[in-house]
Amino acid sequence: MKELVPAVLGVLVRRGADFAAAEDAVQDALVEALRVWPGDPPRDPKAWLITVAWRRFVDATRADAARRRREELADREPPPGPARERDDTLRLYFLCAHPSLTPSSAVALTLRAVGGLTTRQIAAAYLVPEATMAQRISRAKRTVSGVHLDRPGDVATVLRVLYLVFNEGYSGDVDLSAEAIRLTRQLASAIDHPEVAGLLALMLLHHARRASRTGPRGELVPLAEQDRGRWDTAMIAEGVAILQAALARDRLGEFQAQAAIAALHADARVAAETDWVQILEWYDELAALTDSPIVRLNRAVAVGEADGPRAGLAALAALDDTLPRYRAVAAHLHERAGEPAVAARLYAEAAARSLDLAERDHLTRQAARLNARPT
Amino acid sequence: MAKYLLLKHYRGAPAAVNDVPMPQWAPEEVTAHVAYMNDFADRLRESGEFVDGQALAPVGEWVRYDGEGRPPVTDGPFAETKDLIAGWMVIDVDSHERAVELAGELSAAPGAGGKPIHEWLELRPFLTTSHTITE
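Protein chains in written order, with UniProt numbering: chain A, 1 to 375; chain B, 1 to 135.
Please keep in mind that the hints were generated in silico from the structure rather than gathered at the bench.
Computed from a predicted model, the values in this text were never measured in an experiment.
Pulled from the structure, derived: some chain A residues nowhere near chain B, Cβ distances all over 12 angstroms:
no., residue
1, A20
2, D28
3, R35
4, W37
5, D59
6, G146
7, V147
8, L149
9, P216
10, V270
11, D291
12, E339
13, P340
14, A368
Below, a list of computed lysine to any residue pairs in the SDA-like style, where the Cα atoms sit at most 20 angstroms apart:
no., chain 1, residue 1, chain 2, residue 2
15, B, K115, B, N38
16, B, K3, A, T102
17, B, K3, A, R353
18, B, K3, A, R360
19, B, K3, A, E130
20, B, K3, B, L127
The C-beta atom is built at its ideal place from N, Cα and C for all residues, glycine as well.
Could you put together the complete structure from these sequences and hints?
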């Protein structure tokens with residue numbers, strides 16, 4: 001039943017229902033379905049839900065002052081045909097990622113409205129109290145309640161929200177990475193856009209390596225040391241195929257370029273076979289597409305691998321040393337350049353600045369490893 | 001979506017601008033101060049940024065394991081010399097800037113004379129355990 005929620009919600013919103021009122025009506029219809037369906041299952045569950053939800057919405061709005069206007073609106077709209085379903089879900093994506101929302105509100109609303117998760121599930125996934133998440137969602141609903149989407153929203157905003165969800169990746173009752181992939185798949189089937197495909201490919205390529213990214217006690221395993229036998233090759237193949245189809249459209253964007261880099265990593269059977277020269281070329285593309293200092297930092301790593309640690313350090317020297325992970329990158333390059341003492345000091349500094357527990361422990365171990373070396 | 005701990009100190013922080021010990025305030029000034037703090041928490045609940053918060057008593061002690069079969073060692077309380085935490089609040093916000101903004105707002109709680117205390121609050125980011133993609 002959860003799978004039907006976005007489509008039903010989308011129909012109500014398109015017919016002119018206010019977002020919050022539409023969601024209440026859909027919830028009422030779901031409760032009604034739980035009561036009625038066991039004894040009298042409908043032939044078309046979605047049509048049933050739409051009919052009941054719309055009736056609930058009309059009943060609810062009759063009571064308030066906007067009654068006349070809403071009824072006229074309801075009157076004017078023809079009943080939905082099956083062909084509109086994709087449009088309606090898409091409309092919901094754009095509404096949930098509306099630029100008027102803060103990133104955390106947009107994420108919460110997307111998981112609730114498009115993903116059909118309960119408030120309790122979302123709160124648990126983000127490790128905040130349920131009451132806090134309930135407020136976050138209802139504020140988000142109020143913010144978008146006056147928004148009328150008469151033209152398509154910004155795909156880039158929707159993609160950013162989905163990537164935020166993916167990067168949280170907590171694995172409790174709800175695995176946010178898997179949920180983000182599910183939602184991006186849904187979006188990709190509704191909209192023909194190379195960057196949507198690019199993001200889906202990127203998520204699949206990262207997700208395929210997830211099991212090998214941490215050790216048995218949650219410790220971070222760097223890419224070069226990962227057990228490549230544990231990579232999900234079917235998922236990698238799917239990501240690569242989606243990426244190639246997107247690249248063939250010749251409308252390059254950030255996500256496609258990032259996915260291309262991930263694909264090159266996934267393609268190497270052993271770390272030493274990694275095609276760093278091509279990876280560097282993709283970083284150059286990526287740097288041209290974005291203004292991100294993080295991209296230039298990652299590019300310095302690729303320079304270090306493709307042209308040697310001294311060239312990497314030269315690329316690094318052009319960047320701001322307050323960037324997150326700047327010291328970790330510098331430490332890695334200095335170690336490869338044969339300066340373990342400098343590297344050990346930089347690893348320790350990087351550890352002290354890291355806000356990620358697994359990353360901090362990893363960097364501390366790196367410093368300890370170099371300090372323990374006989375000199 | 002980053003969590004921060006806001007620490008309010010009884011002692012140990014640099015002196016506040018409006019530095020009058022609370023027992024020397026007028027009763028209504030104390031009431032106004034408490035109301036400000038509660039309103040602040042309510043507004044964060046409303047905005048979906050509140051995670052948790054508690055006030056702590058000014059007494060406390062250090063505890064240490066002292067070996068198999070022996071009771072833990074305790075020390076103190078030595079409230080006069082130690083950094084003393086009065087309470088804490090955990091917030092979940094979109095950015096570091098927002099966390100600083102909220103800490104600033106909390107520091108403006110009214111004190112003696114109904115004027116802001118301008119007390120120093122400690123702002124500490126949580127270490128996360130997410131697996132953000134880095135390579």
